[in-house]
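Chemist: Work out the full structure, taking the sequences as your base and the hints as a guide.
Chains A and B are the protein sequences, given in the same order.
Going by numbering that gives the first Met the number 0, the first residue of the first sequence is number 0, and it counts up by one from there.
Going by numbering that gives the first Met the number 0, the first residue of the second sequence is number 0, and it counts up by one from there.
Note that these hints are calculated values from the structure, not bench results.
Some hints could be false.
What the hints assert, rightly or not - Cut-off 27 Å, straight-line C-alpha distance, at most; resulting in silico cross-link-like pairs (BS3-like, lysine-lysine):
1) B:K248 <-> B:K273
2) A:K283 <-> B:K93
3) B:K253 <-> B:K271
4) B:K111 <-> A:K197
5) B:K100 <-> A:K197
6) A:K197 <-> B:K73
7) A:K197 <-> B:K93
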Amino acid sequence: MATKASRSAARLMMAPAVVLLLGWMLVPLIMTLWFSFRTYLPLRGGDQGWTGFDNYIRFVSSSAFWPAIQTTLLIVLGVLVITVCLGILLAILLDQPMWGQGVVRILVIAPFFVMPTVSALVWKNMFMDPVNGLLAHLWRFFGAEPVSWLSDASLQSIIMIVSWQWLPFATLILLTAIQSLDSEQLEAAEMDGAPVLKRFFYIILPHLSRAITIVILIQTIFLLAIFAEIFVTTGGAFGTRTLSYLIFQRVLESQNVGLGSAGGVYAIILANIVAIFLMRIVGKNLDT
Amino acid sequence: MGQITLKQVTKSFGDVQVIPPLDLTIEDGEFTVFVGPSGCGKSTLLRLIAGLEDITTGHIEIDGKDATNVVPAKRGLAMVFQSYALYPHMSVRKNIAFPLKMAGMDQAEINKRIEGAAAVLNLTDYLDRRPGQLSGGQRQRVAIGRAIVREPAAFLFDEPLSNLDAALRVGMRLEISELHKRLETTMIYVTHDQVEAMTMADKIVVLRAGHIEQVGSPLELYHKPRNEFVAGFIGSPKMNIFGGAEAKKYGGVKAGIRPEHIDVSMTEGTWKGKVGVAEHLGSDTFIHVHGTGLDEMMTVRITGDISVRHGDTIYLTPQLDQMHKFDAQGLRID
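Modeler: This is how it looks when you write it as structure tokens:
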């Protein structure tokens, strides 16, 4: 990019991508903001003009709002804890030299390639079905009463399904991080008298801290918006209504676009608060 | 105390035996250097002593006690790694304190030892920095500091200076030698650099393909190399070794003469040749002489400066009492 001509040529060639991306992002965002200030009921009279902050106040004062926030945070937190903890253990396991390492690694990544809708349906019908599910058979084999997972332990079930989907991602990133650890450091610690567990806590875990923050950051952004898993399993019932699901219900089930849009703006704000919060932690961790 | 004895130690990786049966005794307080070309098994041998690799057969004794199956931490040895292996997320203080903390020592004693080590190694001003903020030489000192606070029976150094630049290497070489004089602890030092071996060692162990070629003091190895390999490996520039009729004249299948033991004349001498490259170091001049009919190239070392040009005819005369003779197996003939 040395000359003026090459610089302007570069701009020209980048322009389509930039315009497309901006359009893709800005148009829905502005439309959401626009609708959030209007009373818009598609089946009950359509666009009925400005309402000011009415939608915003109604969305927050609804009895479903705070439980939805709580559910969202519980799912995000639960999935994060499970994927990070199991991810570290799996990464250490996969780092050990073993027969068939390549195949095992591909198998471990596999769940990540399954679409959320499909994996949730597979879990719902094959594993968690209280009559025909594999888990029900297992319970009966041990003489126990099968659990109707998605109604009695709905939140836990969803956390389990989503964790299963995201575990490969966490494992993969943590595995590469573990592989980058200088083996001489571990040997030095061994000579310094640190047994296995202390080597893990004093050497391996600090080395992984950066990768862990990245896993948390990326997963949080995606987990705040999970939808398909809830839609095909509980449909938002039994205390599994997250913020994004609540917005969906307001727009499509109550046919209130204005109210749903206001909820969407809240979701944007929530995601940004979490992102800024996490960025600070990551920034601190990435510094050193 | 730190006497280390290896008895018939072998090491195999799979079917490949990298260390054939090997016996070696390292006396208490001795500075021993393992030297050899890369891949000769010197680092493996050090790791066997450290316990980082399991030996295949044989015994290792430390201070007369069998340590063959003792875990590394319990052998009382401290190791300085080639990459320093400092813990990047800990400050220098915590790095040095780590082995003491693992041993469960109380904080007051830990602090005392850290202060002591930092004073010895000139690290007092850097105790609160992270390893990433230190220069190569300082990191090296931290690694040594982490080793000395443990007050080990012996120090193991695995090519500790190979990551430093030439000037710093000379400095650190001196510092380690001084440290040895002060602590009088057994030290085992692995290097491929024969200059480091010559300058630092009390005892040099020359290794080739896992075999011990010769054990002895630096000057013993220089003056009486046991075989052709040691003769060629020890000394810089390398010894000129030649065979054929000329060698037979001096009483061996092969004969060798060090560059510094050849006299030079422009008019007369035993061997006649042409000057190739002359390397002027100021204090010395190394002249590469071609076409003598002995070796491909003979190297001559002359103290001071001499003005020779490429292609000049030159005469070389060996100092006969410094000639080394070897038999058909490459062993020394006295």
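Chemist: Keeping to a limit of 27 Å between CA atoms, is the pair of K197 of chain A and K73 of chain B held or broken?
Modeler: 16 Å, holds
Chemist: Given the hinted pair K197 of chain A and K93 of chain B, is their Cα-Cα distance within 27 Å?
Modeler: 15 Å, holds
Chemist: Below or equal to 27 Å on CA atoms is what counts here, so check K111 of chain B against K197 of chain A.
Modeler: Within the cut-off at roughly 24 Å; holds.
Chemist: Has the given pair, K253 of chain B with K271 of chain B, been kept, meaning a C-alpha gap of at most 27 Å?
Modeler: The given pair, whose Cα atoms are some 19 Å apart, holds under the 27 Å limit.
Chemist: Could you grab the alpha-carbon distance between K248 of chain B and K273 of chain B and see if it respects the 27 Å cut-off?
Modeler: It holds: about 23 Å lies between the C-alpha atoms, which stays within 27 Å.
Chemist: Is K100 of chain B within 27 Å of K197 of chain A, Cα to Cα?
Modeler: 11 Å, holds
Chemist: Between K283 of chain A and K93 of chain B, does the CA-CA distance stay at or below 27 Å?
Modeler: The hint holds at about 20 Å.
Hint violations for this structure: none, all hints satisfied.
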